[in-house]
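To get the working numbering, take the position in the sequence shown, counting from 1, and add 5.
Quick caveat, the hints were computed from the structure, so don't treat them as lab data. Check each hint, because a few of them may be wrong.
Stated by the list, open to error - Simulated restraints, written as ranges between beta carbons of each label pair:
no.	residue 1	residue 2	range
1	Gly-28	Tyr-66	29 to 37 Å
2	Lys-11	Asn-63	33 to 41 Å
3	Glu-67	Gly-29	23 to 31 Å
Positions of the beta carbon are idealized from the N, C-alpha and C atoms, including for glycine.
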Amino acid sequence: MRVSEKVRSMFNPDGAVLMDIEGGQMFNLNVVGSIIWRRLSEGDSPEQIARNLASEFNIPYEQAFTDVNELLQQLVAQHLVLTSLPENDQRQSAPKAGGFVSNFFKRWNSRPARNP
Numbered sequence: 006m007r008v009s010e011k012v013r014s015m016f017n018p019d020g021a022v023l024m025d026i027e028g029g030q031m032f033n034l035n036v037v038g039s040i041i042w043r044r045l046s047e048g049d050s051p052e053q054i055a056r057n058l059a060s061e062f063n064i065p066y067e068q069a070f071t072d073v074n075e076l077l078q079q080l081v082a083q084h085l086v087l088t089s090l091p092e093n094d095q096r097q098s099a100p101k102a103g104g105f106v107s108n109f110f111k112r113w114n115s116r117p118a119r120n121p
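Put together the whole structure using the sequences plus the hints.
Shown next, in the form of structure tokens:
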């Protein structure tokens, strides 16, 4: 997995904002989501990120790993993170997030709607 070249990120004390510069969409990550994004950007594997989260937040590794993978699935579905799969296989709807993940990923459009 790797971060798409079309994404720009800005970090703040509340988390991060991801900008899809081609699609005109912005995504908000809370503090935990921003930790996952930063470590992914630095080349860490999902397993390494989950170990770090488990240690930092004193949660079971299995929970951290599940949460990391749920966010990564959402990021892949939004084309913010690329996998080695062909692009057609990456175009799937975003999974329904639950638990920990649903609290740190939000999307909004940065381009105004067009009038018909």
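**Item:** Range hint compliance [Cβ, Gly-28 to Tyr-66, 29 to 37 Å]
**Value:** With Cβ atoms ~34 Å apart, the hint holds.
**Asked** When you take the CB atoms of Lys-11 and Asn-63, is the distance between them in 33 to 41 Å?
**Response** holds, 36 Å
**Prompt:** Does 23 to 31 Å hold as the CB distance between Glu-67 and Gly-29, or does it fail?
**Reply:** violated, 37 Å
The structure does not agree with numbered hint 3 stated previously, though it agrees with all others.
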